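These are the residues of each chain, in order.
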Amino acid sequence: MKRVYVNEQWCLGCHLCEYNCAFANSGMTDMVLALKGKPIYPRIHVEEGEKITYAVSCRHCEDPLCVKSCIAGALFRQDGVIRIDRKKCVGCFTCVLVCPYGALAPNEDGVMQKCELCLENSSGAPACVQGCPNRAIVYEEREESQ
Amino acid sequence: MRQYVIIGNGVAAAGCIEGIRTMDSKSGITVVSEENRAVYCRPLISYFLEKKTDPERMQYRDVHYYERMGCRVLYGKKAVQIHKENCEAELDDGTFLPYDGLCLAVGSSPFVPRFEGIENVEKKFSFMTLDDAMALDAAVSDNSRVLIVGAGLIGLKCAEGIVGRAASVAVCDLADRVLSSILDTDCAAMMQKHLEEHEMHFYLNDSVKRFEKNTAYMNSGAVVPFDLLVLAVGVRANTSLLREAGGEVNRGIIVNRQMRTSISGIFAAGDCTEGWDSSIGQNRVLAILPNAYLQGYTAGINMAGGSESLDNAIPMNSIGFFGLHAMTAGSYDGDMYEEKTETSIKRLFYKDDLLKGFILIGCHERAGIYTSMIREKTPISSVNFDLLKKAATTAAFSAQIRRKKFGGVV
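Chains as they are written, first to last, in our numbering: chain A, 1 to 146; chain B, 1001 to 1410.
None of these hints come from the bench; they were simulated from the model.
All figures in this text were calculated on a predicted structure; none of them were measured in a lab.
Just so you know, nobody snuck in bad clues.
With a cut-off of at most 25 Å between alpha-carbon atoms, the simulated SDA-like pairs for lysine to any residue come out as follows: (1) Lys1052/B - Gly91/A; (2) Lys1405/B - Asn1384/B; (3) Lys1390/B - Asn107/A; (4) Lys38/A - His15/A; (5) Lys1124/B - Ala1166/B; (6) Lys1123/B - Glu1050/B; (7) Lys51/A - Ala1399/B; (8) Lys1404/B - Glu141/A; (9) Lys1390/B - Leu1354/B; (10) Lys1404/B - Met1/A; (11) Lys114/A - Gln1059/B; (12) Lys1404/B - Glu1376/B; (13) Lys1052/B - His1198/B; (14) Lys1404/B - Glu48/A; (15) Lys1124/B - His1201/B; (16) Lys1405/B - Tyr41/A; (17) Lys38/A - Cys1363/B.
Can you make the complete structure from the sequences, with help from the hints?
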């Protein structure tokens, strides 16, 4: 299936993907109204190491430890995409404890959220990919040995 | 066509069903459920008490689950004996269920010590099942003084769930600290302080000497009057079915990494088992939900003729109280790296080039990166450990490992 991949050599560390993600999932039509002056809770985050930056979002694992560990049965897989039923999540953070990529984090209400590939929001395709100024983030099918 | 029988209908059973169905989509699965409920999320009963969820949202799977998975569920039935020579499970209504593969996912039961006078305590509760939580929910009022015996995971989650609905909540424990099974002394002290700020009162290093109706007389001399008593001392694995069939049990049903018991054709999964803990390199009861699912899933695949092994099970817990989260994993063995503030503490334990365990309170961001290092036994020498100590980040891994992890072309 198609996943979001990042070429870390092309990542500028500009954090635009985080803003585009937060906006795409805000349910609003004006980016300024949605984000200006507010703390943002994106579902992608930029990792910064020594001389390296790259964005990380859910890998949609073939063997998703978060789904298997969720104490609320809130995480599930649908057509390969790892999704979350946020009405069921109680914010226990077990998924944060087990995700090897650090790809889950709570929103402002303490309810978990994660990348669902923008399939259900107004963007319709990953907003992080569409907005990446250096095309470091791509959405494509790759052979993987997960 | 084969016949699969699963005794129990909790998360381990669901894992088993889903494991079987990865291999065998046709054969019949019979689930024996003592509770008159579809599989639900037992760890959420404290959230139910707190009114943060409800029985509908507590369902572990959707309403068509058993139908979709081709399962027949026998509700309100209990297995009383296993006849291993005939490969049959006998139920309390006299039914005999023949099986090609049997999985015991029978969980654990609350352990109640013999306190003097406890038989005269009128309103006493366990805190294991949704029925327990519903009984407590119906009994509690603004005027209730609640005494909880046990400051472990179950007792304290119960306390958190009920404290806003009761006049007072006191918790006692024989141990000298809260959450003694997962927190060391300093970390427990930080959590206890936080709990006390939320109106919980503790009697630690203390236990009930005797009850006189609605008063507990403690060993320390303290006298604790109460209206509702919750017994959350601990749980015991339900091992009797397998023991009586001649199978090997210790503190739980002994299983190997394929979840096979010592009796051919019989598997076990979840809180009833004692299985491999890779963090200490020996068998242990790991009564946590992720393990229940993973064990059940592993058992299911093997029952259906597959080959699956659960090699990297470790103890791990994420438990929060009033917004302060504690995460723990592995064993607290070896050298320690510590970062501490007023409201947070991070302790990483490492030895022999491996991260062995951690305790994180109030600083849990991306903790799964640490957990994965313990589970996968990632050599510390292969990562930038100085960077990793400060923050859980995959940036601490080499470009080569990152490429593998993220499927990149870097």
